[in-house]
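By this note's numbering, the letter at position 95 of the sequence shown is numbered 81, and the numbering carries on one by one without gaps.
Hints should not be assumed to be uniformly reliable.
[As the list claims (entries may be wrong)] Ranges between beta-carbon positions, derived for each pair:
1) A140 to Q(-11): 27 to 35 Å
2) P99 to R152: 23 to 31 Å
3) P99 to V61: 17 to 25 Å
4) R152 to R50: 34 to 42 Å
5) Q(-11) to G11: 29 to 37 Å
Note that these hints are calculated values from the structure, not bench results.
Note that the Cβ used here is the ideal one computed from N, Cα and C, for glycine as well.
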Amino acid sequence: MSQAFITLWSAGVAWCIEDWARRSGQTPSADRFEALTWALYEMGTRRRAADYLLAVQDLQRVSRQVARFFRGYDVWLSPTLAEPPLPLGSFDPTPANPIQGIFRAAQFVPLTPIFNVTGQPAMSVPLSWNHDNVPIGVQFAARFGDEATLFRLAAQLEQACPWADRWPAF
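Input sequences plus hints: build the corresponding full structure.
Spelled out as structure tokens, the structure:
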């Protein structure tokens, strides 16, 4: 799923930059973009039409599998993050590897992208806190189009475990 997502993302960046280049009459160049954006642009320009369509096919297959899962379940429960919140700059690109941040982010949030791909409604609610009183999210996802279940669940969870008045220690 990750490779298919990167294929679509990079193709989308390439399309967007090429579209604006055509509209503005300007030639895209690395010095006019952030390193990650330019790296995705270059990656996207190297993709073949078949790569793009295979990625769409793969992500549609995943979407159908998730939809089948929700025939038998109302809600999917998972952690929001794979590790505690990271300091600012943890996803910054490096000169040697401008897409390093994407790979680090994939390790950090391995369970949320599936819902970006499938379009399932999902929410993260702070149901636990670490020693600094930083919230630890729990993710819930529901059937396609069933945001109402998540809103009702969030209201019940907040009533049972209030979080509105909790603030980190720093």
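Going down the list of hints, with the structure as the test:
no., hint, in the structure
1, A140 to Q(-11): 27 to 35 Å, "33 Å, holds"
2, P99 to R152: 23 to 31 Å, "27 Å, holds"
3, P99 to V61: 17 to 25 Å, "18 Å, holds"
4, R152 to R50: 34 to 42 Å, "39 Å, holds"
5, Q(-11) to G11: 29 to 37 Å, "34 Å, holds"
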